[in-house]
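Based on these hints, arrange chain B on the given structure of chain A.
Chains as they are written, first to last, in this note's numbering: chain A, 1 to 464; chain B, 465 to 779.
Don't take each hint at face value.
[What the hints assert, rightly or not] If we take Cβ atoms under 7 angstroms as the criterion, some of the chain B residues that face chain A in the derived model are:
#1 MET465
#2 ARG468
#3 ALA470
#4 ARG561
#5 ALA562
#6 ARG564
#7 THR565
#8 GLU573
#9 ASN576
#10 PRO587
#11 VAL590
#12 ALA772
#13 HIS776
[To be verified] The following label-pair restraints were derived from C-beta to C-beta distances:
#14 B/ALA584 x A/SER375: 32 to 40 angstroms
#15 A/ARG40 x B/SER589: 21 to 29 angstroms
#16 B/GLU581 x A/GLN255: 51 to 59 angstroms
#17 B/GLY593 x A/SER375: 52 to 60 angstroms
#18 B/ASP643 x A/GLU167: 46 to 54 angstroms
Bear in mind the hints are in silico, worked out from the structure with no lab data behind them. Since the model is a prediction, treat every value here as computed from it, not as a measurement. Using N, Cα and C, we set each Cβ at its ideal position, and we do this for glycine too.
The lines below spell out each chain.
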Amino acid sequence: MYGSGEGVRPPYHAVAEWLGTQALGDLRQKLADAETMFRRTGITFAVYGSEDTSERLIPFDIIPRIISAAEWRKLAAGIEQRVRALNAFMFDIYHRQEIIRAGKVPEELIVSNSAFVPEMMGVSVPLGIYSHIIGIDIVRTGESDFFVLEDNTRTPSGVSYMLENRETMMHMFPDLFARNRVAPVENYPENLLKTLESVAPTGLKGEPTIALLTPGQFNSAYYEHSFLADQMGVELVEGRDLAVIDGYLQMKTTQGPRRIDVLYRRIDDDFLDPLVFRSDSVLGVPGLFDLYRAGRVTIVNAPGGGIADDKAIYSYIPKIIKFYTGRAPILQNVPTYNCRKADDLKYVLEHLPELVVKEVHGSGGYGMLVGPTASSSEIEAFRAKLTANPSNYIAQPTLALSTSPTMVETGVAPRHLDLRPFVLVGDEVRMTAGGLTRVAMRAGSLVVNSSQGGGTKDTWVLQD
Amino acid sequence: MLGRTANDLYWLARYVERAENMARLIEVGYRIVLLPRDGEGAHEEWRSTLASAGCAQGFFDKHETLSTRDVINYLLFDCSNPSSVKSCLAAARRNGRAQRTSLTRDMWESLNAAWIEFSAIKPESVTAGELPRILDWVRSRSALYRGAMLNTILRNDTFFFMQLGTFLERADNTSRILDVKYYVLLPHVEMVGSGIDAVQWAAILRSVSAHRSYRWVYKENYKPWRIAEYLILNQAMPRSLRSCYEQIGVTLDDLAEYYGDQHACHGTATGTRQRLAKGNIDNIFQSGLHEFIEDFISRNNRLGNEVADAYHFNG
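For reference, chain A alone in the conformation it holds in the complex (with noise of 0.2 angstroms):
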């Protein structure tokens, strides 16, 4: 909220002032209604691996997140160029790796990841593209300093909480939203079905038909699954409702088998089809990639995206931009340093106080190590865990992540975000202003991860 001057920068004037009125019993208050409201909506996610199975709320906090038009306006040309990049990127390593006899990245890094896909070689997507829904996480260092921290060009999640973050925010609060100028963001389920709709398998006659393929009820993101199905009116699938049946997708309806066009999954890549993937998958469609590979049914994102986020991929994003679009990225990388190089391997085991060290293909902020926070014992323990499967680990330098207020157990105070915009890639590169805020809600902590108690919060992109 607060710039490296005097005061509060001007896009927070009036949330500040509004915050200055408030008495902090009735925002606590404010604050308890939301949960309520939360928990009786069902909008709960699971947390893998802890002892209370079921549903957690994810901590919501009151005090929105507000981004100037201006400061906007750059980032979405940022992320546009980013995610076309990205694209364009998946499309060629499939295709004729011209990126890899131009030299701009190393062939062993592609074909010897995990993340890359033999299967999807030569395939032909529609219009070419393989994520149409991308996660670009930010964070804010300074004030016209934002750095993308890491692509998700799989399966993001979390979009659900952004748009229910708003319609909470607007039925506590009206007032707020008559004194400011927001940008809306209820347009994403449309857009994200316009996307949808736009990719369907070449040829087709006709409407076509959309379904939404989840892992179940159990899974952490069973929320946002269902709430996207309903958003968008289409059918929320398991793969015990789909069958290949007379050379196409078909889902078991009460009417018998109905085609389905494009798949919306949510699953990953390895439960997608048993016949391909891992054969122990109950969650996917046995014959289902060969009915993509012909053409018969579209899956989004396509299988092999992972390639495009891969950590190790990361450091490379500045040069594959530039090698697509021809142009230098608007949106910086954060430095990093990758543990397969030597050179990069000592700089980080003598600097693991100072840096942040991450697993390749980990995600939702396990298994890393924020050296600045850690303890010596925990800092030892990850130096051996590093020293014996270096090509696992990347490193970056601690950020000064921005800060925003929050209500904390003893009142209002700062504290750590990130920001992730959600991007729709279809026939056109569609947008919804601003994304979800993660915030970390311990003092200090630089963890924002839902999956490690961070919460989230309303993000305002401002309107001129």
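Coordinates of chain B only, in the frame set by chain A:
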């Protein structure tokens, strides 16, 4: 609609209805147990409650003797009993969550809130004085859910499958009460006029919330054949077999129109509906009340299976 969705919605409705019926059975059983009496064990009444609830086998697998506390725990809170109120509310909510997209917000919130509030009750803290309040609460929750459904849901296949679940379960419940208690309704010379009869007749009516409406309909004291007629053949009584089958018939007609085809279940339902519509209580007693009820139960079960087959409940 997916076959699995239809299955989940159908069972969701059955579980909500079952939870409500269970609460009513417990209430009736508890009233009888509270009565002063000589001789036989005061807990014996629970035997027929358990039988009416279809829970006798499960209960005696776990408990050797009948005690009020054990029975109430088993019927209200025991998760190993698939028909306990707790199991029903959990299953209803699980199905609702799996089919969240088919429910309106009002329906889902009432289902979810019922589960959250019920799971907060600690069985050991439930005293005799609190039991009626909890049972009332269960019934009001079921009413709230059905009210939310009737007021907010589109009249399409979602609604039709839930209606089928509700009325098949209700018919099953009423017929099982009759099955367990039919002997009370038979003319026994030695028991006529004994206080026990009146209590038992009232209990049967209470277990389908019909003890007051009976008087309005028949304008006379409880008569066993009238009670049987009321529960089996009266079209106005919302828990009678006839009334359930009128609803089932209408719903199956709606489904046939909606989907444009008919199945074996349509024939079965029409057959049962006509028997009830043309039925006469004297004939039923003459050819055997018990036989009639048993035949009804098996026809009702068959209808459930035929609906599941016709609409691909299992894929």
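Mind listing which of the numbered hints don't hold for this structure, in increasing order? Violated: hints 10, 11, 12, 16.
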